[in-house]
Amino acid sequence: MPTFEVEGRKYDVDEDGFLQEPERWNEDVARDFAQSEAVNELTEAHWKVIRYIRNYYLQYGIAPMVRKVCKETGNKLSDIYSLFPSGPAKGACKLAGLPKPTGCV
Amino acid sequence: MPGTLVQIESKPPRGDWTDPHVEFRKGSICYSAAPKNLEYLGLPNPRVWQPLDADWKLPPDWKRILLEGMKDRLKKYRSFRLFMEICVRCGACADKCHFYLGSADPKNMPVMRAELMRSVYRRYFTLTGRLFGALAGARELTEDVVKEWFYYFYQCTECRRCSVFCPYGIDTAEITMMGRELLNLIGCNTNWILEPAANCFRMGNHLGIQPHGFKDSIDFAAEEASEITGLKIEVPIQRKGAEVLFVMPSADYFASPHYYTLLGYLMLFHEIGLDYTVSAYASEGGNFGLFSSHEMMKRLNAKIYEEARRLGVKWILGGECGHMWRVLHQYMDTMNGPADFLEVPVSPMTGTVFENTRSTKMVHICEFTADLIHHGRLRLDPSRNDHWNVTYHDSCNPARGMGLLEEPRYILNSVSRHFHEMPENTIREQTFCCGSGAGLGTDENLEMRLRGGFPRANAVKYVKEKYGVNLLTCICAIDKATLPTLLEYWVPGVEVAGVHELLGNALVMTGEKERTADLRGEPFAPARESEALHA
Chain A
382 MPTFEVEGRK
392 YDVDEDGFLQ
402 EPERWNEDVA
412 RDFAQSEAVN
422 ELTEAHWKVI
432 RYIRNYYLQY
442 GIAPMVRKVC
452 KETGNKLSDI
462 YSLFPSGPAK
472 GACKLAGLPK
482 PTGCV
Chain B
6 MPGTLVQIES
16 KPPRGDWTDP
26 HVEFRKGSIC
36 YSAAPKNLEY
46 LGLPNPRVWQ
56 PLDADWKLPP
66 DWKRILLEGM
76 KDRLKKYRSF
86 RLFMEICVRC
96 GACADKCHFY
106 LGSADPKNMP
116 VMRAELMRSV
126 YRRYFTLTGR
136 LFGALAGARE
146 LTEDVVKEWF
156 YYFYQCTECR
166 RCSVFCPYGI
176 DTAEITMMGR
186 ELLNLIGCNT
196 NWILEPAANC
206 FRMGNHLGIQ
216 PHGFKDSIDF
226 AAEEASEITG
236 LKIEVPIQRK
246 GAEVLFVMPS
256 ADYFASPHYY
266 TLLGYLMLFH
276 EIGLDYTVSA
286 YASEGGNFGL
296 FSSHEMMKRL
306 NAKIYEEARR
316 LGVKWILGGE
326 CGHMWRVLHQ
336 YMDTMNGPAD
346 FLEVPVSPMT
356 GTVFENTRST
366 KMVHICEFTA
376 DLIHHGRLRL
386 DPSRNDHWNV
396 TYHDSCNPAR
406 GMGLLEEPRY
416 ILNSVSRHFH
426 EMPENTIREQ
436 TFCCGSGAGL
446 GTDENLEMRL
456 RGGFPRANAV
466 KYVKEKYGVN
476 LLTCICAIDK
486 ATLPTLLEYW
496 VPGVEVAGVH
506 ELLGNALVMT
516 GEKERTADLR
526 GEPFAPARES
536 EALHA
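Chains as they are written, first to last, in the numbering used here: chain A, 382 to 486; chain B, 6 to 540.
Next comes chain B alone, as it looks inside the complex:
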């Protein structure tokens, strides 16, 4: 019950922080990756083990592997070296982490999380650390430190809220990414990350949906969108020569409430007559490689450009996916590009050139839709969303990873009439994470997810009580998967939806039949004459 989790101990624990000992227990860990997934991906040290075991069955030369791995990466990534050096421990980040706020564990302060690695960096890679050891803030790398790293680097959602407040701009998410990458070298990884990664590598998506299953799901959605609108909506699959390749997270064609966002996309594309295609090969926007290593991220991401090239499209459009956009926006172009076989994206409906995508050639669906609305190309009836009092959760990676702040709000204010913001220090670039990102959204980690999501849920509670908000919108598949559980616990009575689900409700399509219910089949709110916007 919320009553127990909200009793957050505010006194720091006694003892020395340099003691790496961690108490592992179900509720705040993720299970280890199954050997079959490591083997499939060609990762080292596949074996049966669990974080709860005393013996983690590390390779005999684990220490050498880790230190050499660290040395290589210090050379390869200047940001890593910089972030190991420059922190002045001002403490600005300390209370900005949702996991710290929800758990009060000092090692969840971003500065401390980074210090777990910095102390090892000092010991082996700086002169003062080598000479003076603990006096210079250095720590030996021991097996307990490995376990501590595992615990805390899988207790960070790489959301980057802390980095917004760091006067040096240290990106603690990158330190977590390095921590996980190093742990991967000795086979300390989690199944909730590596199974989707293995599935994605083999089948093109995290769920492991094969091409005939992909077609079945997409056809089913097209048929349901047709039933709802009375129109014949078709979705082209792997059609060579289409202008646009559309890539979405696989959860959009598997889970709920994601699915209703898919209906929204399909209705939009039909209405504007977009010349597009989807693909079973590039059937995943998300990238669980980001949660594992740069190499894995690159391997999984490569499918998007490859398929765009094979199909001969001009540019790529991407759906409501969170971490996908960090990869696309910040890594794809240099990792798997340059995509010089593609053209600079231009909206075929408005002529808008998406200048910001000149290098990646990939446009976010919210940019695309906001532009359509701005140019008056869509007929919208926002009263069809009158049954919702809406607020918006800035999904971390689109917000902080690519600065997508205005477009979703512009859409929401066009498709609904009752939109209310959460408090300003919990939205936009200061948005609070769902608490389950970066591969932590698994059941055995539920207590930590509920703790980490507490600041977000608390802000939702505020707008629920003040404005009667009953719908939290977002643009990330992990959000859609995990926020319902979070809200059910902390703020019952608030549902979760994608922005394009509300667009699908409000979109008045040419030749549509009379619609009386929303995409979920719930009846529209009865019209009040004074508020009726359409005749």
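In isolation and in its complexed conformation, chain A is listed as follows:
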């Protein structure tokens, strides 16, 4: 299994760099993963999206609907793409420590 390493901290990830140990996630982990998604600094706007996705995941075991992320965090889809260049299902989910969504998405 591939690993992702930041300053000596090693994480098991999938081929696309998504964390494979969801229970290991905390906000420091999100900071470590930010650079791999071309996010230089995690602002409050980023955290709002990350925390919303993370909490939803803990409750439902899955990422929230893309539209729901937008509405509940007060962002347009284009805003989410500005915050996380690879988008809500990939970039934002990766930083929130979720597995990569699969299927017709």
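These are calculated hints, taken from the structure and not from any lab test. Be aware that one or more of the hints could be misleading.
[As the list claims (entries may be wrong)] Taking lysine-lysine and the DSS-like style, the derived pairs with C-alpha atoms no more than 30 Å apart in a straight line are: (1) B:Lys80 to B:Lys152; (2) B:Lys112 to B:Lys31; (3) B:Lys237 to B:Lys518; (4) A:Lys452 to B:Lys80; (5) B:Lys16 to A:Lys457; (6) B:Lys41 to A:Lys391; (7) B:Lys220 to A:Lys471; (8) B:Lys62 to A:Lys429; (9) B:Lys80 to B:Lys303; (10) B:Lys152 to B:Lys16; (11) A:Lys457 to B:Lys152; (12) A:Lys471 to B:Lys41; (13) B:Lys31 to A:Lys391; (14) B:Lys31 to B:Lys41; (15) A:Lys457 to B:Lys220; (16) A:Lys471 to B:Lys466; (17) B:Lys80 to A:Lys457.
Assemble chain B onto chain A, guided by the hints.
Relative to chain A, chain B alone:
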């Protein structure tokens, strides 16, 4: 940049085509399936490996497994045996494949792709091949051939455009399906296919959304549809005794722009007062089993009839999903039917009997909606789509797999006033694939997806430049997921939407509040007096 990918080498490579060696690289491969997904589905040879590795960790008796698998299937599927025998190499299919057009790799010519397997068929299953070997066009089955099969059978989207042009009607998609089925026997499969399949088997949908998450998403959509219209829109979940079970692709209640199509369905059903239900058990229309094996397709598809029986509905309505319809239309009845506990579908609003669904008992949403419009049962204001210049991409499987050509156009021409067709050799039964179907729509395969989607994008570019088209509509969830990426690359400025999203925009609902924006929240185009159709 498009400039580099469009430099398509037109000279065939030197050397002998029988050499199976393939250069694997990121951009034109899909990652292998994770062992946990094979284990969950009970598939053979779960292990950690990647196509980029030299050692694929095949089982020691892989050759025997493949040849026995081939022998079994030659007996079981007459079409397979026929397609192994009858090609005359006329070449009519050669330049019809979007992957060949986008890559110029001769092994992406449908005739060649099939030849990769036919040559092995000749060697082991025909007398001339056994006796004369290469002289009779036969090839040994080696580990390199396995790798070559993997590369090219996961470089075909099973779109069946080539079969439209074959004078013998050879369905090359079925050869690809056989190739993948055989590769599955020795554990050579991809994660983008098997993870959705495992999720679907466990949770009822490709994304692995659990029942409480399903309810949360559906409730959220119902609430937003209510906010947009000012009406109280409710969606019944697993309501026993409903007349109709509605099944859609799970991406409709997860991803964008799929979601706006979901809003369109919900508004339509509310307006006509349809007695329906959705279900968390049958919460997936799509079927990634189709991309893996007949057995897997059957296992995943079984949930739809089972749930229809449990809920006691009369018939089933299906949403905007592509490959789903190939399974439903061509396999479901014989695989998991007969559904003699259901009734022949009749529209409760118009009385139309859907004769074509007499055996499957399952109606496509576009047939259903077109019938409503035809009978004048919907009030529509097409000017609400005036901000869109619309064209339509015939999603491969509804178009070629079930002949659904007129209904989506009939709807689009009723709900919008600016509809323009792409060139005739790129639409209807000749439609060009999105390049990402059949489980190939994953990121690591992006270069090949952009190449394969190039002919489709090129046709979109044509109507964009000629008519100012800014919206490509389609009726497939994979299209909605992957065409935005394709168009962003080749034709920036064209958005993607489902047909029922535009219907939702145009639908004038009884008692609705004044609407000033479309389902995406974008304001309607300002009314021009001469064009205003409604007062």
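- Message: Are any of the numbered hints broken by this structure? If so, which, sorted upward?
- Response: Structure breaks hints 4, 5, 8, 11, 17.
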